[in-house]
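Visitor: Based on the provided sequences and hints, a complete structural model is requested.
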Amino acid sequence: MRKIQETRLKNALKNWHTVKNPLIVLATGIIFYFNRFNPFLGLKNEIYNLFGTKIHKNARLAFGVWVDFFFPELIEINDGAVVGLNSTILTHEFLPHSWRKGRVSIGKNVLIGANSTIMPGVSIEENSLIGAMSLVNKDIPANELWGGVPVRKIK
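With my numbering, letter number 104 in the sequence shown gets 197, and the count goes up by one each step, no holes.
Please note that the accuracy of each hint is not assured.
[Unchecked claim] So the derived label-pair ranges between C-beta atoms look like this:
(1) Asn104 - Pro132: 17 to 27 angstroms
(2) Leu116 - Gly241: 18 to 28 angstroms
(3) Asn108 - Asn151: 38 to 48 angstroms
(4) Asn142 - Val118: 11 to 21 angstroms
(5) Leu188 - Asn142: 21 to 31 angstroms
Since the hints were derived computationally from the structure, they do not count as laboratory data.
Idealized CB from N, CA, C, for every residue including glycine.
Guide: Dropping the structure here:
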């Protein structure tokens, strides 16, 4: 089950600026946007880590991976994990009458297929595989293969 914190806020998307300083969000968003296309994977990790993300030394984010810039400090990606091309890692979501945030943890040696979305509050345990184009909206146990929209156990 996802672990998320929900806060009531009328028209949450319209009032996003009350959640976090808009200048910090803007600056982080611009830097993260360009870092998505950084071909130097070690440097890419270090730039994300400067903003509070915990990406371990041997984890790799492929070209075009989108890392949430609102709450990057809520993301941890462990050694040996690979996040596939154009995937998205979210730590927040705005809803009509509230907004949510949650920590995302990606375990050791996890493979996330291309174009997948990881929702806030999700934990993917070590050695698990996520199929391409999956919506990960629940916790994934260790050593399992999951995929689909929404994600379900394959094997």
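Visitor: If a hint holds in the structure, say so; if it doesn't, say that too.
Guide: A quick look at each hint next to the structure:
no.	hint	in the structure
1	Asn104 - Pro132: 17 to 27 angstroms	40 angstroms, violated
2	Leu116 - Gly241: 18 to 28 angstroms	39 angstroms, violated
3	Asn108 - Asn151: 38 to 48 angstroms	40 angstroms, holds
4	Asn142 - Val118: 11 to 21 angstroms	18 angstroms, holds
5	Leu188 - Asn142: 21 to 31 angstroms	30 angstroms, holds
The structure fails hints 1, 2 (numbered hints given earlier, in ascending order).
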